[in-house]
Every structure is written in structure tokens, then in C-alpha cells.
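The lines below spell out each chain.
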Amino acid sequence: MKRIISLLLAVLLTCGAAALFASCEKEYEGEINVYNWGEYISNGDDGSRNVIQEFEDEFNIKVNYMEYETNEDLYNLLKTSNSNYDVVIPSDYMIEKLIKEDLIQKLDYSKISNYKKVMKRFKNMSFDPKNEYTVPYAWNVTGLVYNKTMVKDKPEGWEALWNKDLKGKMLMFSNSRDAYAIAMQLCGVDPSTFTKADVDKATAKLEEQKPLLKKYVMDQTFNEMERDQSAMAPYYAGDIYTMTTNNDNLVGVLPKEGSNLFVDSMCIPKSAQNVDGAHKFINFMTRPEISAANMDSITYASPVEGAKELMDEDVASSELVYPPESYLDKCYTFKNVDDEVYTYMQEKFIQIMS
Amino acid sequence: MRLKRPGIPYIIWMVVFTLIPIVFILFYAFTDRSGAFSFQAFFKAFGYTDVFLRSIWIAFISTFICLVLAYPLAYFMSRLKQSTQNLLTMIIMIPMWMNFLLRIYAWVTLLQNNGPIDTLLGFFGIHTQLLGNQGAVILGMVYEYLPFMVLPLYTVMAKIDSGLIEAADDLGANRLSTLRKVVFPLSVPGIISGVTMVFVPSASTFLVAQYLGGTGDIMIGDVIDKIFWSDQNTGSAIALILMVAIFIFLVILNFFGDEEAIAA
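As you go down the protein sequences, you meet chains R and D in turn.
The opening position of the first sequence corresponds to residue 38 in my numbering, with each subsequent residue numbered one higher.
The opening position of the second sequence corresponds to residue 157 in my numbering, with each subsequent residue numbered one higher.
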């Protein structure tokens, strides 16, 4: 008897829970799969706007939102699996590669009415010269962060990362492209595109730096800097802004020789299932107030005209988030590099690190 | 031995998730980018010999420290009251309830400058960099894998008939020779599976060195992880060499005990 009662109770509970879910489950007219960088959207945390929810409510399209860590992860996924993503947000050089390998499709700009609000500087970019494939989502530059209690002379350029006085207290990018870009700038090589010989020059420069470093890191930079564990590090300027708000000892610097201006743009892969929904999503994300909400939460700059004015004043007024026009003129944007050269660089960098 | 039906789900699992991936690794290791047969990946893989040897060394030291720490603990545990044994087993298991990466993060916080341990040592006038060296990496590994050494040792020792130890006492053996001539030989299977379960994962581990080590402590698991981004062939070749090295290690270990003790 006891068993029958427990069984009944179990069935009742399960059905109840299922019914509860079913009643919550809205009837959507369609769904889109969005694949974006980790922590790269305003998702309702800390009282921010939940832009995905807003999109779902307005267009009645369900968003399956997933995240990746590197451009290369995204590339491998698009290249090797049959997964169908409707919107992806890769960076400049990766977009060029995706176009070359025919992995993303041309957009129908008549469906993206907000595209006219995109700033001139972020149209006709080298990775999409005729504005056929992309709508920019966010941009920023690389910069330097240092702890003023540990660094005596204010660093001005990348050369500071080779300062022998800070031996064992400095960090460096563990991402090959970003690390090599810094070394190449110092060797007088244009980091936007390069040859094997250029890689060799930069490799020597990076080898010279290794004994001075504490670690090669990416995300760990936040912890290392915010907890006063390291004296100086290169990182993305928008993230440096976040660090400086969390620790008053930290100061952000835009290196005097210029740095990497990166632009992450929305694209639709060839394998997309809901192309119409994808266009709606892209158009929605390009609304100034939505872009402003996203940029407030990721502290990068918006390419959309009018978004800056709608952002939190502290964030928008920082030169780390919005570097001045004059600085951008000194910056370079990554271009696609031949597979062979890219693999060579990657290999050299692993050898340096090991 | 005839295959029994209940084994079928596991066999399917093993084929899909163990054998097929190994075939892929073999394929990639012996081909180049274009898919043609080549030894190029192995030539490149040998460029990482230093890292490889360092990883084996770190794994060896970690395993040794685990064994030294775990053996007496397991022995004393096995001689305690049953209820106390259960309690101790649970205490050893508790850290394993937490995610591996979180535990490593915790060590970063513990060992950092002006962190708890650094502050404590400061009271005694000791000022040193605790993080970012090989010692920190080994500490992390020992912490991570110690339960895998204690549990098999304890299981084997708990099964040792206390009558045998009493008999040794009766026959005039002192504690040391009881340990040497009775307990130790009977615990060999536990040592072998403990060493296997610590050495194998620690030789191939990754991330621990990235968090606790400095620029010179990267391990072969980290190299495989990084190299796979751009070059699956070399990554596979290194993975294959590592697999063979571990296999040889297991075979050698096999000579010391009966075959059943080998966990792999």
C-alpha cells in the first residue's frame, strides 16, 4: 500500500512540475541560435537590461544563446560540425577568413534598417570592404594596465613590458596573435599582416621578454591586477577600465605607438536555419539604446551613432572605453594571415611558453 | 571469456568514446595537414621533449609524495574502529565534491602575496614568492590526487586479516618487521593501483601549471591543449607519445604485482 501511495505521489509531482513548465513555456513563432563571446551581452545581471529577453518578447522568437572563448573555437565549430548557428560575432581577421572560406553569407541590408546608424569609421573595414557580410557589434583597443604602487615611472608604450626593474612582476598575453602584435610593433613590423620572417623577428623579441615575466595569462589578468599580485600587464582597454574601477591603485594607459583596434561584428553563417530571424536579431542589437545597454555591461565601445550618449556617463567618458579619434588613427586592425604563417606563429609561441 | 549481455552497454560506450577517438589520434598523428601519410608531426613533437620530461618528472615527484603521505594514513585508518574509518573516508572524500578548477583557484588565493599563508609566514620573518614555481605546481597536484592514493591503499589494507598481524606479534616480530614482512607485501596491489591512479592523470594534467606555475612550468597537457587550436597533427602525435609512455610505465608497474591490481 505504502508503495502505491509513493508511486502516485511521484507521478502527481512529476505531472505537476511538467504542467508548471508547460504553462510557463510560451508559444514562440521561431527560434534562432546565437553564438557570442563569453560575457559579451547585457543579460540582466546586476540590474542591467536583459536584451535577449526583450528581443524574445518583442519578436516572439526564442533565442538559444551560447558562448565561445576564442575566435579559433568559433572557426573550428563552423568548419567541422554540422551545427547551425544563425548569428555569430567573430573579430575582424576571423571574419576575413570566414568570408574567404565561404562560411558566412551576404546580408540583406534592407532588413537591417539600423545599419545607417553605424559610424562611418566602422563601415568599409578591410575585412568587409564593400559592407556585404557584417554589422559591427563592439570595438575597442588593446592597452596597458599598471599598479602605481609598484611601478615608479609611468609607462608610455609597449617597451615598458621589457622593463628589467619589473622582473617577475609582469604578465603577458597567452594568446599568440595579441602577444605577437605587441612584439611586432616594437620590431617595426606591421602586425595587421605578416610573413614568417616577421614572426622570427618578433619571436626573438618575445624570447628576450620571457625571463622578465611572471606568467602568460588571459582571464587571470583580472585577478592578478585587481588583487595587487602583478605590477603591469597588457589587456583589452575596456577590461582595463573595469579593473581600474575595482582597484584604485590601477592605472590604464593607451601605448604611445598605437595598438590593436579590434572590431567584433555580427554575421550569419551559411548553415543558418532562420535567416530572417537572424536579420531581426542583428537589427535589434544595432538599436542605439540596446547597443548602449550591451556596451555598459561589457565596457567596450559601440559602433552605433547615438549609443555613447545613452551609456553610463562614467563608462562612456573613459578614454579606455572610447579612445579619442586621434588615437584610433595610430591603431591597426588585424587582417587574415595565411594558414601556414598563422600555424607557424602559433607553434613558435607555444615553444616560447614551454 | 564469453561476453555477457549486461556488458554490452559498456562495450558500446568504450568503442564509441575510447576506441574510435584513439583511431582518430592515430590517424592525425601519422598524417600531415593535407591528410597524406607523414612523420612530420612526430618531428615537431620531439621539439617538446623538455616539457615532456618535465611533466613526467613532476608527475613522478607528486606520486611519490602522495604515496609517502597516504601509506601511513591508510594503514592507521584501517586499524581504527569501523565508524571512525567511515568518518575519515568521508573527510578524505569531501574535497572531491568540489570542482577541480575551483580547488586550484582556492590555492591561488591561499598562496598569493599577502594571502593567508604568506601573511602567516611573514610573522616568522619568512618572505618568499609562494606562487609561480614548480613547488606550487607539485603542491597543487598532490592536493588534487591524494585521495586517489589513499582510497585504494585503504581498501586493500582494510582487508588484511588482523589475525595475521596478531600472529606476527605472537611469533615475536617487532612492529617494524610486521610492517615490512606482513603488511607491506599484502598492500602491494593497493600501492600499484594508487600509483596508477595518481601518476597517469598527473602526467597528462593541464591548467594546474597555468594557475600555480610560472613561465617555466608549463606541462605537456597544456602544450597539447594549446597546439590543438592550430595543429591537430602535432597535438595528436604528442598525445600518442604520452599514451605510449604511460602504457610502458603501467607495464613496468605490472611486474611488481599481480595483474589484477592494474587499474588501467
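Hint data in this document are derived by calculation from the structure and do not stem from the laboratory.
As the structure is a prediction and not an experimental result, all values here were calculated from the model.
Where hints are given, some of them may not hold.
[Claimed, not checked] Chain D is nowhere near these chain R residues, computed Cβ spacing over 10 Å in every case: (1) Asn119; (2) Pro248; (3) Lys252.
[As the list claims (entries may be wrong)] Cβ-Cβ distance ranges computed for the label pairs, FRET-style: (4) Thr275/D - Met156/R: 31 to 41 Å; (5) Lys372/R - Phe195/D: 25 to 35 Å; (6) Met156/R - Phe183/D: 41 to 51 Å; (7) Glu377/R - Phe220/D: 40 to 50 Å; (8) Gly75/R - Phe199/D: 48 to 58 Å; (9) Thr117/R - Leu182/D: 14 to 24 Å; (10) Ala192/D - Val378/R: 40 to 50 Å; (11) Tyr102/R - Ile167/D: 50 to 60 Å; (12) Ile167/D - Met156/R: 52 to 62 Å; (13) Trp169/D - Glu342/R: 34 to 44 Å; (14) Phe220/D - Asp82/R: 39 to 49 Å; (15) Phe199/D - Asp94/R: 26 to 36 Å.
Note that beta-carbon positions come from the ideal geometry of N, C-alpha and C, so glycine has one too.
Results for each hint:
no.: 1; hint: Asn119; result: holds, 17 Å
no.: 2; hint: Pro248; result: violated, 8 Å
no.: 3; hint: Lys252; result: violated, 6 Å
no.: 4; hint: Thr275/D - Met156/R: 31 to 41 Å; result: violated, 50 Å
no.: 5; hint: Lys372/R - Phe195/D: 25 to 35 Å; result: holds, 34 Å
no.: 6; hint: Met156/R - Phe183/D: 41 to 51 Å; result: holds, 48 Å
no.: 7; hint: Glu377/R - Phe220/D: 40 to 50 Å; result: holds, 44 Å
no.: 8; hint: Gly75/R - Phe199/D: 48 to 58 Å; result: violated, 36 Å
no.: 9; hint: Thr117/R - Leu182/D: 14 to 24 Å; result: holds, 19 Å
no.: 10; hint: Ala192/D - Val378/R: 40 to 50 Å; result: violated, 21 Å
no.: 11; hint: Tyr102/R - Ile167/D: 50 to 60 Å; result: violated, 38 Å
no.: 12; hint: Ile167/D - Met156/R: 52 to 62 Å; result: holds, 60 Å
no.: 13; hint: Trp169/D - Glu342/R: 34 to 44 Å; result: violated, 56 Å
no.: 14; hint: Phe220/D - Asp82/R: 39 to 49 Å; result: holds, 46 Å
no.: 15; hint: Phe199/D - Asp94/R: 26 to 36 Å; result: violated, 58 Å
Taken one by one, the earlier hints fail for this structure at numbers 2, 3, 4, 8, 10, 11, 13, 15, listed in ascending order.
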